[in-house]
Every structure is written in structure tokens, then in C-alpha cells.
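*Asks:* Sequence:
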Amino acid sequence: MKIGFLGLGQMGHGMAANLIKAGHEVTLYNRTPGRAVGLDAPIAATPGQAAAGKEIVFTMLANDAALEAVIHGRDGVLAHLPKGAIHVSSSTISVATADALAAAHGKAGQKFVSAPVFGRPDAAAAAKLFIAAAGAEAELATLQPVFEAIGQRVFVLSHTPSHANLAKLSGNFLIASVIEALGEALALVAKGGVDEKAYLDLLTSSLFNAPVYKTYGQLLVDRKFEPAGFAAPLGQKDIRLVLAAAEALNVPLPLASLLRDRFLTLLANGGETLDWSAIGSLAARDSGQRG
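The sequence shown stops at residue 291 when you use the working numbering, and every number in between is there.
I should point out that these hints are in silico values taken from the structure, not numbers from a laboratory. Since the structure is predicted, the reported quantities are computational estimates derived from the model, not experimental observations. Errors might be hidden in some of the hints.
What the hints assert, rightly or not - Cross-link-like lysine-lysine pairs, in silico, BS3-like; alpha carbons within 27 angstroms at most:
{"hint": "1", "residue 1": "K83", "residue 2": "K2"}
{"hint": "2", "residue 1": "K107", "residue 2": "K83"}
{"hint": "3", "residue 1": "K214", "residue 2": "K224"}
{"hint": "4", "residue 1": "K191", "residue 2": "K237"}
{"hint": "5", "residue 1": "K214", "residue 2": "K128"}
{"hint": "6", "residue 1": "K107", "residue 2": "K128"}
{"hint": "7", "residue 1": "K2", "residue 2": "K21"}
{"hint": "8", "residue 1": "K21", "residue 2": "K128"}
{"hint": "9", "residue 1": "K224", "residue 2": "K237"}
As the list claims (entries may be wrong) - What follows is a set of in silico ranges between Cβ atoms, one per label pair, in the way DEER data are often shown:
{"hint": "10", "residue 1": "G109", "residue 2": "A141", "range": "12 to 22 angstroms"}
{"hint": "11", "residue 1": "Q289", "residue 2": "R153", "range": "35 to 45 angstroms"}
{"hint": "12", "residue 1": "A138", "residue 2": "P33", "range": "26 to 36 angstroms"}
{"hint": "13", "residue 1": "G34", "residue 2": "K2", "range": "20 to 30 angstroms"}
{"hint": "14", "residue 1": "L188", "residue 2": "K2", "range": "52 to 62 angstroms"}
Note that CB positions come from ideal geometry on N, CA and C, so glycine has one too.
Given these sequences and hints, build the entire structure.
*Replies:* Put into C-alpha cells, the structure is as follows:
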């Protein structure tokens, strides 16, 4: 298929590489063209050029503003994507932005599908992402072979695209909650003299035998927060967005409010370049231990 791929960060680079490997005709766009190194595909000069003549355009960008910047305007995707073509947004964006994009593409005679992904950069490179997809049944059927090239399983959630964004935000809220709880538990046992690695082995070999506990527990025990697989400012952004979605639906999220403050504390103390899992180190710091 003819695909435009916009956004070649740590996640997008791996996703684009797997689409190319699967034999799709991919055109790339990134604000910094150097990010395309190692990808055997043409590089467009503008977002519109990447979208022109394509059946599908993927966007994998850092936030709502970055996504809107490539969609709108004379050189944007909206002005150049053919009628009937599909914009697949894999970015973690707000529910409101997803709804606005669905409306804008519909008005232009184009299709819109939300397909945010769960997984860190190594999973993106290995085509092992989990895809949360929402959109019209026909578009999802068209996209199935494309999704198979980048992920290990697709979860179809709804015909309404923004429902996938709500699910993604709530999932990231759960991950951040696990990180905070792990950090607090590790700080407690470590200060009490228990070996952290032995404790983590106990957890992840028994009741908490799950990737989220294994991955983030190991990062916390090793204090390995650089290079960031998912940078702390992005984590803070996601918690802000889940709180906005909760406010719109009148759903109190006390833990999300706590996490917002934990991220702000991390960022206020120079954590901008750290992995988001570094919020789990704050409990050790607060207890007078090594953070």
C-alpha cells in the first residue's frame, strides 16, 4: 500500500521500518530529516507532500500541538490527502483533538482512525506493539494488514475514533500508577534492609508476574532512567490529558492528581531528560535514600 509516515521519534522510527520491511511503499516526513537515517524510503519536504497520493497516512507525534501542526495549513495533510484515504493517528493525544480531527477529515471526504499503541521503543522495533484501534469497520478492515506489520495484536474498541484515545490515556494512567506504587514499595523495603533485587524477584515471580512490573521494576532497581524510552515530560502530558478527559466526564481521579504532582516534582528538579519511570525514584529520595 502507498503510505505516508509522519513522525520518526523512537517509536515512529521502528514502526516505519517495519512498514517498509513488509513491502509497503512508504514516504517519510519528520521535522528533523536526519531522524530518517537507516530507513530506505523517500523523505518528503512537507507533511502535505508525504500525504499526496497516499492510501494511508500514519502520524506518530509527541503531542496535540505537533500533530495539529502537520495536519492543518496549506502544506498540511488535510489539504493533500486524497478523498477516501485514511489518516491513522497513533499519537497519544487528547480526546477532544481526536474528535476534532475526525470531524475535519470527514468534512474533507477523508477517513480517520485512532490507533494509539502500547509498548516501548524496543517493542516498536520488533513489531510487538499492542494496538488500540477505533474507527469505522471498513477502514479497520483495510488497515488490518498494515497493523499486522507493526504490532502483535489489535484490539478494536469502538466505531468512534476518540474512544481509542481515551483507552490509551487511561492505560498510561494505570502504568504511571504502577510505577509510583512500585517506587513507594521499593523505598519502604530498602530502608528496612531488604535487598531490592530479591524483593523484585519475589514480586515478579509470584503475584505480579506481568511485563509492567518486570520492566519498570527493573528500571527502578537499576536506577536506569537514561536514555529515556519515554521521556518524563511526555508522561506529565499524558496525565494532564487524562485529567482533562476525566473532568469533561465528571469522573474524579484522585490518583491521577497525585501523579500530576509527582511528575511536576520530577520536572522541577531537573528530570526533563529522564525516563518517566523516574517518578518512582521520588519515594526513595523523600525517605532520605538515594533517588
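*Asks:* A separate judgement is required for each hint: does it hold in the structure or not?
*Replies:* Results for each hint:
1. K83 - K2: Holds. K83 to K2 sits at ~14 angstroms (cutoff 27 angstroms).
2. K107 - K83: Holds, at about 10 angstroms.
3. K214 - K224: It holds: about 14 angstroms lies between the C-alpha atoms, which stays within 27 angstroms.
4. K191 - K237: The hint is violated at about 31 angstroms.
5. K214 - K128: holds (17 angstroms)
6. K107 - K128: violated (34 angstroms)
7. K2 - K21: Between K2 and K21 the Cα gap is close to 14 angstroms, so the pair holds against 27 angstroms.
8. K21 - K128: Cα-Cα ~14 angstroms, so holds.
9. K224 - K237: This hinted pair holds, its Cα atoms lying about 21 angstroms apart.
10. G109 - A141: 12 to 22 angstroms: Because 19 angstroms falls inside the window, the suggested range holds.
11. Q289 - R153: 35 to 45 angstroms: holds (39 angstroms)
12. A138 - P33: 26 to 36 angstroms: holds (34 angstroms)
13. G34 - K2: 20 to 30 angstroms: holds (24 angstroms)
14. L188 - K2: 52 to 62 angstroms: holds (55 angstroms)
Hint compliance for this structure: hints 4, 6 are not met, and every other hint is.
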